[in-house]
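Engineer: Given chain A's structure and the hints, the job is docking chain B onto it.
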Amino acid sequence: MDKLFLLGMNGLIWGLIVALIALGLAIIFGLLDIINLAHGDFFMVGTVLAWATLQSTGSFWLAFIVAPLIGLILGALIQRMVIQPIHNVAALSIVATFGLSLILQETVRITYGPTPGRILPPIAQTIPMFGVDYEAYRLFAAAIAILALMAFFLFLQHTKLGIWIRAVRHDRDTALAMGIPAGRIYILTFAIGFALAALGGVVAAPITTVDFRGGVDILPFCFMAVIIGGLGNLLGAAAAAVLLAFLEGVMQSFADPTVARIASLVLMSAVLLLRPHGLFKGLTR
Amino acid sequence: MSVPSVEQCLWALFAAFMIAVPWIIPALSSSFWVSVIAEILIWSLLAASVNLLFGYVGLLSFGQALYFGFGMYGVAIGIEDLGLSFWPAFALGVVAAMAMALATGIFAVRLTWHYFAIITVVFSLIFYFLALSNKWLTGGDDGINFTLPPTFAIDGFSKSLTDPTFQYFFILGTVALCFWLMHRLIRSPLGKAFLAIRDNDVRASLIGLNVYLLRLIAFVLAGFLAGVSGGLFAFFGRYASASYMFYHVSGEAVVWAIVGGAGTLLGPIAGTTLFIIVREIVSTHWEHHSLIVGTVAILVVMFAPKGVVGLWNEWIARMVERGGAPAHAVELRTEP
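Sequences listed follow chains A and B, in order.
According to the working numbering, the first sequence is numbered sequentially starting from 1.
According to the working numbering, the second sequence is numbered sequentially starting from 1.
Bound conformation, chain B alone:
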C-alpha cells in the first residue's frame, strides 16, 4: 500500500471512531470519557490556533488564552447580561475574539520571535488583570455561571446542549469544520504565502508579499480559532472565568501544539489528546499527576523532537518501505 492510501484508510477509521464515540465509549467504560473527548476537541482548537501562528507563520504566541477568554466571555456575557440566544451569543464571542486579535495584532505583528512572544504575553496579562479587577462584568476568579439557551427552537421542537449526545456532536461538528477550514487555508495561496514567511520573511517580502499584512491576517485567523474554542468551552462548562485567561493556559496550548507536531494539521489534536488523556487517567489514581505530565513532556521532546505526528509519519513511511513500495512513495508526507 502506498502512503496516501494508508492515510485514507486511517482517516476513515478515525472519522468512524469519532462519530461512534457516544455509543462505544459508554459501552466500553463510562460516559465520563465522552465528555473528556469533547473537552480534548475544544482544547485542540486552542492548540491549533497556536499551531497556525507558530507552525505555519513562524510566530510564537504565548497569549492565545486572551482570545480564548474573549470567546468564552463573549458567550457568557452575551447570554447572562445581554440576554442573547444561542447563536448570537456564539457569534458575539467569536467576533469579540477576532476584534481583539485585530486590535492587538496591529501592534504585535510588528515584532517577531522573542519580542513577539513577550508582547503577546504582556497583552494577555493586561486583560487578565483587567478581567480579575472588573468583577462586576467578569466575576473575576469566581467567574460567571449561566443557563444554556436552546440551540435550535423551531415550532416547539427544541434541542439544546443539555442533551449530552447532541452536545458531543455539536462540538465535534464545530471543531471538524474549523480543522477543515484550516486544511483548506493551508492549501490555498494564502497558506502558501504563510509558509513562505515562516521559512524566510526577507525573501517573502522580496517576492512582493506584504509580510506585515499577511502576519496580521494569520493573527486574526488564529484569534478566530481561539475564539471558537473559548465559546465552545463556555457552552460546555456553562461557565466563564478569568483564570482561563492566565498565561499558563496559553503556555499549555503551546506545549500541546509542539508536542503534537508544529506545522502539521493534526498535531494539535495529537498533543492535546496525549496530555489530557494522561492527566485524566493518572489523576483518578494519583493526586500528583503533574509529575507524570511533566515527565511525559520531557520524554516526548527527547525522543520525538518532531512531535507525535512527526514520529507517526516516520513510522508509517518505514512500514511502507518494508512493504516494498516504490521509492518515490516513501517520501515523508509532511502536512500539508
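For reference, chain A alone in the conformation it holds in the complex:
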C-alpha cells in the first residue's frame, strides 16, 4: 500500500511535469504542423540550464527564471533560422528537427560532458503522508507544474497574444487579413514551446538525471500524450500525459519498470486503435 501510494504519487507528479513538455510539443504541432523531433532535447537543455545556473550562481531557484527565458530566445532563433525556411512542411521538419536534436545533444556533450549528473533537491525535507516520508521537493514540483499549466491556459484564453495564437491556428489567412502578424506568431509559439519544455526540464532536474541523452526517452512519451489527448486538443494532451504517467507509476508498484512500460504501451496502442481521434473526443467542445 505504501509502495502503491509512493509510486502512484511519483507517477502523478512526473505526469504533471511531462504535461508541461507535451503542451509545448502540442502547440508547436498544432500551430506550425511540424513534427518536432528535438522537443525531448529542449527538455534536456532545461535540465542542463538548471545545473548551469546552480553551478554559476549557487542558487537553483534562479533557474526557474533563467531557463525559460533562454528557452524563449533559443526557440525564437531556431524557428527563424531553421523552421521558417522549410515552410512548415511536415516531412522536411522531421529531418530539420532531427538535425537540430543531434546538434543540441552534441553541444551539451561538449560543454556539460558525457557523464550523467544529479542535482540534489533544493528542498531536502520530507513530509509524512499516508505512512510514507514523501519528498517535499516533488510536491513543490507538482505545484510549479500546475501553476505553469494554469498560467499558460490563462495566457492563451485571455491575453491579446494568446488570442492571436488561437486565431492563426484556427485560420491563418483570415488572421493575416485581420492584421495579425502570423509570421511573428509562429516565432512566438515555437519560443513558448521551447520555454515550456525548458521549464519542465528545470522542475524535473532534481528528480531525474542531467544527461545529454535525457530527452531521448521522454520524446515518444510526449508524442503519445499529444496523440492520445487528441491532436489540437491542448487540455487533452496535458490530461493524457498525467494519466499515462500515473498509470505507469501504479503499475510499477506491482511489476518491474520495464513490464510496466510495456503494459502502458500496449494500453496506448489499444487507445489509438479504439479511439483514434483521442481519448477525450466528444468530451470537450
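Watch out, some of these pointers could steer you wrong.
[What the hints assert, rightly or not] From the structure, some residues in chain B lie toward chain A, with a derived Cβ separation under 10 Å: (1) 111; (2) 122; (3) 129; (4) 130; (5) 262.
[Unchecked claim] From the derived model, a few chain A residues whose C-beta atoms are all more than 12 Å from chain B: (6) 35; (7) 65; (8) 69; (9) 72; (10) 129; (11) 137; (12) 154; (13) 160; (14) 175; (15) 178; (16) 180; (17) 182; (18) 187.
[Said to hold, decoys possible] If you anchor each label on the Cβ, the simulated ranges turn out as follows: (19) A:130 / B:303: 56 to 66 Å; (20) B:20 / A:69: 36 to 46 Å; (21) A:84 / B:311: 19 to 29 Å.
If you are wondering where the hints come from, they were derived from the structure by calculation, not from laboratory data.
This one's a predicted model, so the numbers in the text were calculated from it and none came from an experiment.
Glycine residues also receive a C-beta, built at the ideal position from the N, C-alpha and C atoms.
Structural biologist: Using the frame of chain A, we list chain B on its own:
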C-alpha cells in the same frame, strides 16, 4: 544527349563502380572503405523500406527498426540457438520480419499520417523493451555474437562471408536484387495502385481499390526489405543487439529516405550514402561529428527540399536544356 541516354550512361558507370569497389577502393585509400560501402548498402535497404511506405504509399513509419530487428535476431538466434545453417537462418530472419509486419500491420494500417507514425513507434518500443528485458533470448543491450556458417558448402568447396570480397559481393548482390524488385514493383499495377493511394486515398477507394488491403501489402513488403536489411546486418557484424531496435534507428532511416528524396527509387541510397560518408570522414578527425551530421541534415532540407535525387534530376534537366535538347525531353523524369 537526351535525359534517358544520360541516365543509361550514369547507370552503367554506377554499376561498373560498384562492381569494381573491392579492387579500386583499397588501391585508392584503404579496405576500410569497402566495408563502409557494404554498410551503406545494408542501411540503404532499411531506408528503402521507409521510402516504400512514405514515398509510394504515403504512410510515415517510425517503427521500421522493429522489422530490421526481427531480421537481425532471426539470423542470430537461428544460427546461435537453433543451429541453422546460412540460408535457413537468413530465411528465418526475413520470414520473421514479414510475419511481424503482417501481425502489426493488421492494426497499424487502419490509421494514417500522425496516428500511423505514432502507432508504429509504439509497436516498435513494445518489442524493444521486450527484447531488452528477455536477456535469455536476445542478450539485451549486450546482444548475441555468433560464428558464421559457410554460405555454400558443396563437395568440400565452401565459401563464407569471412572472405571480405565475397562478403561485399554477397551484400551488393542481395541489395541490388531488392532494389530491382522494388523497381519492378513500382512499375507494376500494384505499384500504380500504391501511388494512387498516396496521392488521394478517397479517390483510390472510389475507383474500387481496396485501400486497407493494399496498405497492408505495402507494409508487409516494407517489412521484407527491413528484414533483409537486418539479416544482412547480422551477417555483416556477426552480431545482433536490442539497441538496433530502438526508435532512433527508425528515425535515422526516415531521415536518410527523405534527405535522399522520398518517392524516388535511388533516394534512399543517396541519403544513406551522404550521411554515412560524412559521419565516417568527420569521425576520424573530430570526436563531435554529430554536429556536422546535424548541420548537413538541416542544410539539405533548406536547399534541396526534394532531396538529393530531386536536386540531381533538376541539375541533369538543366544541363540537357543547355545542350539544346528538344523541349519534351527536358521534362523532369521523376522516378518511376
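Engineer: Hint by hint, note whether the structure agrees.
Structural biologist: To see whether the hints hold, each was checked on the structure:
1. 111: holds, 6 Å
2. 122: holds, 5 Å
3. 129: Holds - the Cβ of residue 129 (chain B) comes within 10 Å of chain A, reaching about 5 Å at its closest.
4. 130: Cβ of residue 130 (chain B) sits 6 Å from chain A, so the hint holds.
5. 262: holds, 7 Å
6. 35: About 8 Å separates residue 35 (chain A) from the closest Cβ of chain B, which leaves it inside 12 Å; violated.
7. 65: The claim stands: residue 65 (chain A) keeps its Cβ more than 12 Å from every Cβ of chain B (closest is about 29 Å).
8. 69: Holds, since 24 Å exceeds 12 Å.
9. 72: Residue 72 (chain A) clear of chain B: closest Cβ-Cβ about 21 Å, beyond 12 Å.
10. 129: Non-interface label on residue 129 (chain A) holds, nearest chain B Cβ at 31 Å vs cutoff 12 Å.
11. 137: Holds: least Cβ distance 29 Å, greater than 12 Å.
12. 154: holds, 28 Å
13. 160: Nearest chain B Cβ is 30 Å from residue 160 (chain A), so the label holds.
14. 175: holds, 23 Å
15. 178: It holds; residue 178 (chain A) is separated from chain B by about 29 Å at its closest Cβ, greater than 12 Å.
16. 180: Non-interface label on residue 180 (chain A) holds, nearest chain B Cβ at 26 Å vs cutoff 12 Å.
17. 182: holds, 21 Å
18. 187: Given that every Cβ of chain B is farther than 12 Å from that of residue 187 (chain A), nearest at about 17 Å, it holds.
19. A:130 / B:303: 56 to 66 Å: Between residue 130 (chain A) and residue 303 (chain B), where Cβ atoms are some 59 Å apart, the hint holds.
20. B:20 / A:69: 36 to 46 Å: At 58 Å between Cβs, range violated.
21. A:84 / B:311: 19 to 29 Å: For residue 311 (chain B) against residue 84 (chain A), whose Cβ atoms are near 21 Å apart, the range 19 to 29 Å holds.
Figure legend: structure checked against the earlier numbered hints; hints not met, in rising order: 6 and 20.
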